[in-house]
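Please take these sequences and the hints and turn them into a complete structure.
Chains as they are written, first to last, in numbering that gives the first Met the number 0: chain A, 0 to 358; chain B, 0 to 300.
Hints are supplied without guarantee of correctness; some may be wrong.
Mimicking DSSO-like on lysine-lysine, the simulated pairs with C-alpha atoms at most 30 angstroms apart in a straight line are [said to hold, decoys possible]:
| id | chain 1 | residue 1 | chain 2 | residue 2 |
| --- | --- | --- | --- | --- |
| 1 | A | 215 | A | 196 |
| 2 | A | 270 | A | 333 |
| 3 | B | 179 | A | 217 |
| 4 | A | 333 | A | 125 |
| 5 | B | 179 | A | 168 |
| 6 | A | 333 | B | 83 |
| 7 | A | 196 | A | 125 |
| 8 | A | 168 | A | 17 |
| 9 | B | 189 | A | 17 |
| 10 | B | 176 | A | 216 |
| 11 | A | 217 | B | 255 |
| 12 | B | 179 | A | 216 |
| 13 | B | 83 | A | 215 |
| 14 | A | 40 | A | 125 |
| 15 | A | 215 | B | 179 |
| 16 | A | 151 | A | 104 |
| 17 | A | 217 | A | 196 |
| 18 | B | 189 | A | 216 |
Please keep in mind that the hints were generated in silico from the structure rather than gathered at the bench.
Computed from a predicted structure; not experimentally measured.
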Amino acid sequence: MPIKSPFESSIAKPGQGKVVLSLLPPSIPTLTTLTYKYPLKLLTRVPGFVPQTSTPSRPSQPVHLYLLTYGGGLLPGDNISVSITLEPRTRMVVTTPQGSTKIFKTEPNASVKGHRGTPKNILSDKSRQTLDVHVGEDAALCYLPDPAVPYKDSRYEQIQTFTVDGLNKSSLCILDWVTEGRASRGESWDFHLWRGKNEVWTTTTTDDGTGIPTEKKKLLLRDSLILDDELDVELLENDAGTISRSDLIRERTRPHGVVGTLILYGPVFEKLASFIMDRFTSLPRIGARNWASSAPAVMESTPNYDSQVTFTAARVRAGFVLVKFGAKEFATAKDWLGGILREEGTVFREFGEEALFCM
Amino acid sequence: MTVKTNVQDIEQEIAHLEDRLRNARARLAVAFASHKVGDPYLPLPEDTAGLVPTHALLLLSDSALPLGSFAYSSGLESYLAHNKPLPRSVTPIASFHRFLRLSIASLASTSLPYVLAGYRRPVDLESLDNDLDASTPCIVAQRASLAQGRALLGVWERAFRGTYASSPFSAGPTAAKAVKMIEAFSDALKSSMDTDELGPKGHFAPLWGVVCLAMGMDTRQTAYVFMLNHAKAVLSAAVRASVMGPYQAQNILASKNLQAMITQRIDREWDTPIEDAGQIVPPLDLWVGRHELLYSRIFNS
Chain A
0 MPIKSPFESS IAKPGQGKVV LSLLPPSIPT LTTLTYKYPL KLLTRVPGFV
50 PQTSTPSRPS QPVHLYLLTY GGGLLPGDNI SVSITLEPRT RMVVTTPQGS
100 TKIFKTEPNA SVKGHRGTPK NILSDKSRQT LDVHVGEDAA LCYLPDPAVP
150 YKDSRYEQIQ TFTVDGLNKS SLCILDWVTE GRASRGESWD FHLWRGKNEV
200 WTTTTTDDGT GIPTEKKKLL LRDSLILDDE LDVELLENDA GTISRSDLIR
250 ERTRPHGVVG TLILYGPVFE KLASFIMDRF TSLPRIGARN WASSAPAVME
300 STPNYDSQVT FTAARVRAGF VLVKFGAKEF ATAKDWLGGI LREEGTVFRE
350 FGEEALFCM
Chain B
0 MTVKTNVQDI EQEIAHLEDR LRNARARLAV AFASHKVGDP YLPLPEDTAG
50 LVPTHALLLL SDSALPLGSF AYSSGLESYL AHNKPLPRSV TPIASFHRFL
100 RLSIASLAST SLPYVLAGYR RPVDLESLDN DLDASTPCIV AQRASLAQGR
150 ALLGVWERAF RGTYASSPFS AGPTAAKAVK MIEAFSDALK SSMDTDELGP
200 KGHFAPLWGV VCLAMGMDTR QTAYVFMLNH AKAVLSAAVR ASVMGPYQAQ
250 NILASKNLQA MITQRIDREW DTPIEDAGQI VPPLDLWVGR HELLYSRIFN
300 S
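Structure (structure tokens):
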């Protein structure tokens with residue numbers, strides 16, 4: 000029997016990471032667990048920012064977590080899996096300091112060169128990222144990353160699961176956006192697959208009379224986006240050399256070059272949520288005419304970001320505000336969202352300027 | 000030939016016949032299992048076999064079925080407003096065709112898995128309803144789905160239950176189970192109406208699956224009628240929004256193209272678990288969500 004190395008990492012698989020953030024008395028945020036393995040790298044920092052909040056219970060200092068991968072992106076077959084636990088009353092800011100998450104292309108000829116079998120493998124090398132976050136009571140997560148940039152021919156899947164305790168006690172701000180690829184190189188939704196799923200679950204512990212508390216999970220929110228060019232796998236097998244290009248994804252995302260979702264939940268982001276809802280409901284009516292004057296409708300003199308970004312905001316259920324947006328250019332969307340978040344100020348006050356690093 | 004009167008012989012014959020029956024049943028089970036997973040088509044008694052599925056099919060595909068579907072354009076109205084004025088090279092009809100294509104694909108990817116799950120596992124109705132509610136991204140779409148789902152429940156209770164829940168028409172044990180699930184869900188819905196924000200809601204897609212099961216439709220029909228009814232609703236909205244005339248709308252509805260499109264989308268989502276259902280046309284969420292911003296509206300979605 001092989002002797003287990005005492006130096007072996009507690010995490011077995013490459014690409015896995017685990018973070019546990021606890022609050023030690025009186026109110027000192029401490030990372031009680033921080034492990035990761037290549038190609039994933041996790042860095043943390045406590046910037047010493049004190050939230051300027053008006054709530055009576057003083058919140059703890061936010062801890063910053065940087066999600067890094069070697070090379071700043073994901074190669075085909077990479078499988079990143081991060082698990083984060085925020086214990087009650089802690090706060091965390093997650094950003095991607097390397098810029099956009101690049102999803103590198105799946106080599107179409109990779110399988111033909113070696114002896115890796117049939118051309119079926121052409122579509123098998125997906126890169127994958129799973130993020131599993133548990134947010135305890137009165138804890139808050141601010142996750143405003145750069146967008147994912149899927150390169151031509153790439154295949155990627157991302158599953159982000161957030162679990163909150165009880166209802167409306169934890170706070171979440173989650174941004175998930177994807178661009179058409181490297182627009183400067185002429186890429187426009189030229190990847191094979193991008194699948195992004197964000198789920199929020201709640202666990203409630205109930206005692207059903209047996210004395211043993213049972214944990215019940217309930218799905219609160221699911222936001223799932225599938226951009227699939229629906230390539231015919233059988234067709235590929237017959238004709239491995241040429242991958243027929245379908246413009247299905249482009250057709251389905253037109254006229255946007257970037258699409259995204261912002262999820263807001265909980266007491267910390269309540270003001271921000273109301274601000275965005277107001278912003279949406281006070282948008283000028285589409286197709287409205289100025290009946291008062293006989294002159295043709297005045298064209299908007301100053302093109303503002305709200306008119307360049309198509310967005311919708313809705314209070315869906317359980318206090319969630321779901322914002323969906325699309326824009327022609329990535330920069331427009333970034334300026335628009337950054338503008339809203341800065342103007343409203345919650346993120347700045349509660350988490351510091353650095354939380355808006357990617358905006 | 001002498002007739003066997005010997006007790007032993009008759010017993011032997013019975014044993015032999017029973018054996019054959021068991022054998023045939025086993026083969027049937029295997030054949031079904033390999034045919035399609037989760038397709039609980041059951042052979043019906045002779046006298047009702049022809050009547051049940053076809054009659055139910057005609058009822059459920061009738062545009063006079065009082066679900067109020069005519070009040071919803073599923074984003075068409077907003078789509079037209081957002082794409083105005085059209086570039087010179089695009090005709091209104093071509094623009095509509097694009098919408099129809101996107102709308103059908105999107106409905107199949109977001110809702111069809113719930114229809115099929117409702118049909119295949121009626122016991123999960125309440126959790127399917129919750130999960131679909133959690134996946135509905137905006138108030139406008141939620142409103143449309145709830146209104147039609149609750150209307151379907153109303154039609155079931157006031158019109159169909161009398162016939163389809165009673166024994167002679169009941170299409171077997173699975174249908175009976177579906178009936179039970181609808182009743183239980185309806186009770187839960189009434190008792191929690193507007194008090195529990197996370198309680199049962201009454202979304203259309205899973206209820207459609209369960210009601211079709213209760214009425215003896217097969218899986219394929221259930222999915223097809225669901226998709227076709229959606230296409231009908233969108234086309235009917237197009238006529239009323241003066242995109243096209245009624246004959247042209249029927250022409251599209253009858254076309255091979257539409258049939259192929261629906262079949263293709265059903266085939267694609269046939270085995271999609273509800274966890275993997277999702278939006279494949281992101282701008283559609285924006286159009287539907289921004290319906291509320293339209294200055295003038297003739298539809299509810």
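- Message: Against the 30 angstroms threshold, does the CA-CA distance of residue 189 (chain B) and residue 17 (chain A) hold or violate the hint?
- Response: Judged against 30 angstroms, a Cα distance of about 45 angstroms means the pair is violated.
- Query: For the pair supplied as a hint, residue 215 (chain A) and residue 196 (chain A), is the alpha-carbon distance within the 30 angstroms limit?
  - Reply: 22 angstroms, holds
- Query: Does residue 217 (chain A) lie within 30 angstroms of residue 179 (chain B) when you go C-alpha to C-alpha?
  - Reply: Given pair residue 179 (chain B), residue 217 (chain A) holds - Cα atoms ~24 angstroms apart, limit 30 angstroms.
- Query: Are residue 333 (chain A) and residue 83 (chain B) close enough, with their CA atoms no more than 30 angstroms apart?
  - Reply: Holds: residue 333 (chain A) and residue 83 (chain B) sit about 26 angstroms apart, inside 30 angstroms.
- Item | Pair hint residue 179 (chain B) and residue 168 (chain A), alpha-carbon separation not exceeding 30 angstroms | Measuring from Cα to Cα gives roughly 37 angstroms; hence the hint is violated.
- Are the Cα atoms of residue 168 (chain A) and residue 17 (chain A) separated by 30 angstroms or less? Distance ~23 angstroms between residue 168 (chain A) and residue 17 (chain A) Cα, so the pair holds.
- Query: If you draw a straight line from the CA of residue 196 (chain A) to the CA of residue 125 (chain A), is it 30 angstroms or shorter?
  - Reply: Since the Cα atoms of residue 196 (chain A) and residue 125 (chain A) sit roughly 15 angstroms apart, the hinted pair holds (cutoff 30 angstroms).
- Satisfaction of hint between residue 125 (chain A) and residue 40 (chain A), Cα-Cα up to 30 angstroms: It holds: about 20 angstroms lies between the C-alpha atoms, which stays within 30 angstroms.
- Message: Can you confirm whether the C-alpha distance between residue 176 (chain B) and residue 216 (chain A) stays at or below 30 angstroms?
- Response: Within the cut-off at roughly 26 angstroms; holds.
- Message: Against the 30 angstroms threshold, does the CA-CA distance of residue 217 (chain A) and residue 196 (chain A) hold or violate the hint?
- Response: Given that 30 angstroms is the threshold and the Cα spacing comes to 16 angstroms, the pair holds.
- Starting from residue 189 (chain B), check that the Cα of residue 216 (chain A) is at most 30 angstroms away, please. 23 angstroms, holds
- Do the alpha carbons of residue 83 (chain B) and residue 215 (chain A) lie within 30 angstroms of each other, as the hint requires? 48 angstroms, violated
The structure fails to meet hints 5, 9, 11, 13 from the earlier list, while all remaining hints are met.
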